[in-house]
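Chains as they are written, first to last, in numbering that gives the first Met the number 0: chain A, 0 to 168; chain U, 0 to 121; chain D, 0 to 482.
FYI, nobody ran anything at the bench for these hints, they're computed from the structure.
Watch out, some of these pointers could steer you wrong.
Mimicking BS3-like on lysine-lysine, the simulated pairs with C-alpha atoms at most 30 Å apart in a straight line are [claimed, not checked]:
no., chain 1, residue 1, chain 2, residue 2
1, U, Lys58, D, Lys32
2, D, Lys366, U, Lys84
3, U, Lys119, D, Lys366
4, U, Lys119, D, Lys299
5, U, Lys114, D, Lys366
6, D, Lys165, D, Lys299
7, A, Lys165, D, Lys358
8, A, Lys135, D, Lys3
9, D, Lys155, U, Lys119
10, U, Lys58, D, Lys29
11, D, Lys165, A, Lys90
12, D, Lys104, A, Lys165
13, D, Lys439, D, Lys299
14, D, Lys358, D, Lys165
15, A, Lys166, D, Lys439
16, U, Lys119, U, Lys58
17, D, Lys205, D, Lys299
18, D, Lys3, U, Lys82
19, D, Lys29, A, Lys166
20, D, Lys165, D, Lys155
Across the chosen pairs, the derived CB separations fall in these ranges [unchecked claim]:
no., chain 1, residue 1, chain 2, residue 2, range
21, D, Val282, U, Val10, 19 to 27 Å
22, D, Leu164, A, Val7, 38 to 46 Å
23, D, Ser278, A, Val26, 41 to 49 Å
24, A, Leu66, U, Pro6, 29 to 37 Å
25, D, Ser171, A, Arg22, 17 to 25 Å
Keep in mind that this is a model prediction, so the values were computed, not measured.
Backbone N, C-alpha and C fix where the C-beta goes; we use that ideal spot for every residue, glycine too.
Listed below, chain by chain, are the residues.
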Amino acid sequence: MEVILFAVFASIAVVSSVLVVTRRNPVIAALCLILNFGSLAGMYLLLSAQFIAVVQIIVYAGAIMVLFLFVLMLLRPDMERSFFRHDPLFKWAAIIVSVFTFLLLVYAIILTTFNAPILANHAKTIEIGTVEAIGKELFSNFLLPFEAIGFVLLSATVGAMLLSKKKLD
Amino acid sequence: MIESYIPIFLVFGFAILFSLAVVFSSSLFGPQRPNAEKMTTYESGVKPIGLANERVSVKYYLVAMLFIIFDLEVIFVYPWAVKFKSLYAQQGIQVFWAMIVFLTVFEVGFLYAFKKGGFKWD
Amino acid sequence: MEMKDLFYAMPLLIVGGGILLILLIDMFFKGGKKIIPALTFFILLGTAYYSLFTINQLPIGLMPVSEFGLFYGMLSFGGKAHLFYFLFNFGSAIAVLIANDYLKKIETEYSEYYILLLSSVLGMMLIAGSRNLVMIFIGLEQMSISFYALAGYRRKNILSNEAALKYFLLGSFATGFLIYGMAFIFGTAQSMMLIDIFSQTSVLVKNPLFMIGILLFLIGFTFKIAAVPFHMWAPDVYEGSPTSVTALMATVGKAAAFSAILLIFVSVAKMGPNSVFSSMFSVVAVLSMLYGSIAAIAQKDIKRMLAYSSIAHAGYMTIGLAAVNPSGIAGIIFYLVAYTFMNLGAFGIIALLESKEGKFLSIEDYKGLGTRQPFLAASLAIIMFALSGIPPFAGFFGKYYIFLAAIQSGDTWLALVGVLSSVISVYFYLRVVVYMYFSKSDDESAILEISQTGLLAVIASLVLVIAFGLAPGSLIRLISGLI
């Protein structure tokens with residue numbers, strides 16, 4: 000059952016991410032990215048990271064994609080197209096970097112000895128990704144990062160207002 | 000454990016199938032006699048000028064940005080709101096004050112955006 | 000968590016509380032806007048002195064500093080962290096003095112400037128004090144987001160917009176490398192606490208994935224310190240940003256990135272001086288020094304020239320990393336302190352002279368300054384001498400300690416390349432001095448009124464540059480005692 004689901008999600012993820020890169024129309028590419036995020040959420044669920052799966056849907060497929068589409072509309076699609084046509088150097092640099100990253104990941108997967116004891120203790124693994132377990136970590140071990148993130152988001156608010164608000168008084 | 004998610008997957012499956020069915024059934028069953036005039040973009044009877052994807056105002060960006068920021072802040076409140084009782088039983092009053100501090104920072108940011116007209120469309 | 004954690008984390012609390020306080024003043028008291036710069040200044044100054052006086056104070060009856068972590072082991076207390084807190088806060092306090100009248104001059108005065116400045120300082124402090132990879136990342140993001148926004152502070156100025164966009168895009172790219180590296184480190188060490196990682200380092204070095212992780216981590220921060228080959232953003236960003244912002248990110252921003260490298264350095268050091276990272280640092284150091292010094296010669300804009308010179312300075316400091324020994328680390332921290340105040344002085348003088356239209360940004364404009372503004376010209380001359388490493392100023396001893404560390408670990412050739420690059424750099428630093436004293440100005444129009452607070456900032460940095468040059472022993476002893 001899990002293997003079948005994994006195969007389904009993984010193939011959707013691969014196909015949609017290939018589509019993201021190959022589509023000429025940026026809006027369609029962005030929509031494919033949503034599909035990719037959705038299938039990633041399914042994979043998180045299979046890894047019993049329930050909270051992360053939900054956050055993936057709410058934040059990435061929801062909020063981040065809204066920003067993506069707005070930014071796409073801020074750009075000039077016609078100018079962007081000509082930029083890439085005249086600069087094949089960028090294309091090759093991007094290809095080299097992504098091939099390098101891909102090979103690195105493959106290498107990592109080959110080298111990793113998966114920790115059998117953790118996987119065997121299935122009942123305990125399920126507990127890790129629940130809302131309660133996340134909350135427990137968030138308010139104890141990760142208390143300071145949690146409060147610090149409040150300040151990161153605060154400075155992002157101030158920065159966004161500073162850069163894009165017409166009248167700032 | 001994955002079995003408990005079957006209802007959700009079923010709902011997703013139905014949603015996808017239903018939306019596909021709605022989109023494609025009209026082209027499947029409806030009559031299709033296209034001509035050049037019919038295929039032009041409908042602009043309230045006026046002839047279309049230029050591209051459809053013009054640049055939009057940067058105001059939209061600000062709205063989206065503020066939406067993301069507050070969306071992210073709310074994510075951190077979920078575990079607290081849903082499981083407060085058991086968290087309180089385990090870790091005591093610290094859970095409460097930690098969230099109060101976070102919410103203070105959050106509310107100051109919200110007030111700032113409100114006061115400076117971040118939600119206004121001037 | 001206990002109440003004492005809050006007490007020991009006082010520097011962070013003051014700055015964090017200060018951000019909220021200033022936001023509230025900005026929102027609710029229309030008349031209160033005038034006190035915001037002063038308030039920011041005193042918050043930073045207060046934090047700086049608190050950090051300085053608690054450097055050596057061990058919490059009574061508790062574990063030694065090295066094992067003592069606040070907030071479930073997330074934050075360190077005392078020692079090197081507090082020394083960096085002092086540097087960040089004091090440097091930023093001087094940057095506030097520079098900014099105060101500069102912002103009036105360029106006619107864009109928003110209190111957001113001070114809020115973002117404090118936010119960036121909070122981020123730097125989170126980096127320097129962190130004992131966990133997550134904290135390093137959050138601190139870095141806090142600092143970077145504030146800098147991205149500050150770089151675009153002159154919203155109507157096209158160069159400023161360009162600087163913000165370039166910095167943001169390239170900075171996020173570098174952060175991607177950093178996160179990727181952290182994922183590898185976490186995957187191999189099975190922990191994000193730095194202590195756990197260090198205790199396993201001798202085993203982990205045999206794991207190539209861990210080495211890749213460290214490499215990617217270092218690449219991320221090599222970008223932030225603007226060393227070759229990840230330097231290309233620096234000249235454009237330093238040139239385009241408002242001068243008071245450049246003063247901030249060229250100095251304390253770079254110090255914060257170095258503090259993060261020094262955090263992970265413990266595991267690099269365990270691999271020994273012959274490790275792949277030592278040679279990587281050597282290559283980066285040589286390339287940065289030579290490239291920075293040679294490219295700076297061709298510059299006509301003084302901020303671009305200082306940007307290239309800061310690339311070269313990043314190279315000198317990287318020699319200390321390549322040396323892989325304690326005196327190298329002490330040398331880096333000394334150099335960072337010296338470099339911070341030298342560049343604050345230099346950018347402070349530029350900010351004093353610069354006009355809204357961009358006069359005094361070209362080196363040509365400095366012709367004949369010796370007669371028009373004798374004090375500023377003399378200060379700039381001293382700072383240029385210090386930057387080029389001429390004794391008896393702080394810059395000389397920074398280089399001295401770094402080169403000494405390189406010779407101690409047997410990398411004499413690195414020290415020689417460093418000396419060679421210093422000799423090259425003397426040319427473009429002294430060109431400014433020659434212009435000021437031995438050329439006639441074509442333009443005799445009066446310079447705008449010189450700001451009082453800006454002058455104070457220049458004097459403060461000048462005094463420190465001279466003091467650390469005349470008595471470097473006390474500072475290097477303090478630093479050596481902490482590492």
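Against the structure, the hints come out as follows:
no.	hint	result
1	U/Lys58 <-> D/Lys32	26 Å, holds
2	D/Lys366 <-> U/Lys84	72 Å, violated
3	U/Lys119 <-> D/Lys366	50 Å, violated
4	U/Lys119 <-> D/Lys299	44 Å, violated
5	U/Lys114 <-> D/Lys366	48 Å, violated
6	D/Lys165 <-> D/Lys299	21 Å, holds
7	A/Lys165 <-> D/Lys358	27 Å, holds
8	A/Lys135 <-> D/Lys3	22 Å, holds
9	D/Lys155 <-> U/Lys119	21 Å, holds
10	U/Lys58 <-> D/Lys29	25 Å, holds
11	D/Lys165 <-> A/Lys90	19 Å, holds
12	D/Lys104 <-> A/Lys165	21 Å, holds
13	D/Lys439 <-> D/Lys299	18 Å, holds
14	D/Lys358 <-> D/Lys165	24 Å, holds
15	A/Lys166 <-> D/Lys439	44 Å, violated
16	U/Lys119 <-> U/Lys58	9 Å, holds
17	D/Lys205 <-> D/Lys299	49 Å, violated
18	D/Lys3 <-> U/Lys82	27 Å, holds
19	D/Lys29 <-> A/Lys166	16 Å, holds
20	D/Lys165 <-> D/Lys155	16 Å, holds
21	D/Val282 <-> U/Val10: 19 to 27 Å	56 Å, violated
22	D/Leu164 <-> A/Val7: 38 to 46 Å	40 Å, holds
23	D/Ser278 <-> A/Val26: 41 to 49 Å	47 Å, holds
24	A/Leu66 <-> U/Pro6: 29 to 37 Å	31 Å, holds
25	D/Ser171 <-> A/Arg22: 17 to 25 Å	23 Å, holds
Going down the numbered hints, you'll see the structure goes against 2, 3, 4, 5, 15, 17 and 21, while the others check out.
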